[in-house]
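Peer 1: The task is simple: from the sequences and hints, build the whole structure.
Mapping to the working numbering: the sequence shown position 198 is 944, numbers consecutive.
What the hints contain is simulated information worked out from the structure, not anything from laboratory work.
In this text the structure is predicted, and so the values were computed from the model without any measurement.
Heads up, a few of these hints could be off.
Only pairs whose alpha carbons sit at most 30 angstroms apart, straight line, appear in this in silico DSS-like list of lysine-lysine [claimed, not checked]: (1) 823 to 834; (2) 832 to 799; (3) 759 to 799; (4) 759 to 749; (5) 799 to 749; (6) 824 to 749.
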Amino acid sequence: MVKTRHYDGNPQKNSPALGATLAYLGVNGLLALLHGSQGCSSFIRLQLSRHYKEPIPLNSTALLEDTVIFGGWEHLKKGVAVAADKYKPQIIGVMSTGLTETFGDDMASALTSLRLERPDLVDLPVVLASTPDYIGSMQEGYQRTVEALLTTLAGQPTKTSEQSYAEEAPSIALLPGCHLTPGDVDELKEIVMAFGFRPITIPDLSISLDGHAELEAAPVVQGGTLLEDFQRLAKCSACLSFGLSMEKAGEILKQTHAIPHYNFPSITGLKAHRYTHFDSRKDFWTVDTRKDAPAKKPLAGYAG
747 MVKTRHYDGN PQKNSPALGA TLAYLGVNGL LALLHGSQGC SSFIRLQLSR
797 HYKEPIPLNS TALLEDTVIF GGWEHLKKGV AVAADKYKPQ IIGVMSTGLT
847 ETFGDDMASA LTSLRLERPD LVDLPVVLAS TPDYIGSMQE GYQRTVEALL
897 TTLAGQPTKT SEQSYAEEAP SIALLPGCHL TPGDVDELKE IVMAFGFRPI
947 TIPDLSISLD GHAELEAAPV VQGGTLLEDF QRLAKCSACL SFGLSMEKAG
997 EILKQTHAIP HYNFPSITGL KAHRYTHFDS RKDFWTVDTR KDAPAKKPLA
1047 GYAG
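Peer 2: So, in structure tokens, the structure goes:
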């Protein structure tokens, strides 16, 4: 007999929009814009700032009752334009809410209309993530946002960039799931660098949410994946995704740029490694890099 139980938790603390915000916080120079009410963004900022003990840059289109009734299409256009003019972000990341999704706001059409009215914003990258509260949880919101980032920003490198990339160490793309902490992400990057690769982590929370203190609160993300790193993805030697929720994102890179993709359901244990040459981390790296696994240096003052 299969026993079922009802969800016993606060869905506000596990919303898709919160997961989308977390993913956007790992991209340097990005301005996160929540298309919904002011209260939604305030709640997300409160939850994340309590957890990470850092100020969370998150803006909102601040929809009210009348704007919802008559449609938030123009409000979204105004929000993107004001954010671009006032804060000069490198990227704008928009996420939807249950309020705007239920009404049926077409964010893609609003962005197209804005670019026709404002040709100066045509070259500004804008990522659109659909994260209604009634579908999934924080994990699904994070997953959808990472997929939107890759679909929108991962392009072919230019001839100039190809020449500069040729002089760099070969790259490995890392796609960490939302269950990994900034410390976990930092450890994965260290393993990749120990074998002579340059890690490109999307999103990279190990830099933006590492506990550093800025001199003043900024409206855009400070630290994380650089915009030019998305152009490097096409030249990566392989893509490693961590968590089953990141498998589809890795497949996007595999299909778009013909990059070998390997998914780790977990970063611990041998049973979760579904590939024969992934029976251990050492076997994988020595086969693919022809290098022996480097010894891990013990921490200073630690004996054991």
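Peer 1: Does each hint fit the structure? Answer for all of them.
Peer 2: Right, here's what the structure says about each hint:
A C-alpha spacing of about 16 angstroms is found between residue 823 and residue 834, which places the hinted pair at or below 30 angstroms, so the restraint holds. In summary, the hint linking residue 832 to residue 799 is supported, as the alpha carbons are separated by about 26 angstroms, within the 30 angstroms threshold. A threshold of 30 angstroms between alpha carbons decides the hint, and for residue 759 with residue 799 the separation of about 16 angstroms falls inside it, so the pair holds. A hinted pair counts as satisfied when its Cα atoms are at most 30 angstroms apart, and residue 759 with residue 749 qualifies at roughly 25 angstroms.
For the given pair, residue 799 sits about 39 angstroms from residue 749 by alpha-carbon distance, which is inconsistent with the 30 angstroms threshold. Restraint check for residue 824 and residue 749: not satisfied, since their Cα atoms lie roughly 49 angstroms apart, outside the 30 angstroms limit.
In this structure, the hints that do not hold are numbers 5 and 6, in rising order.
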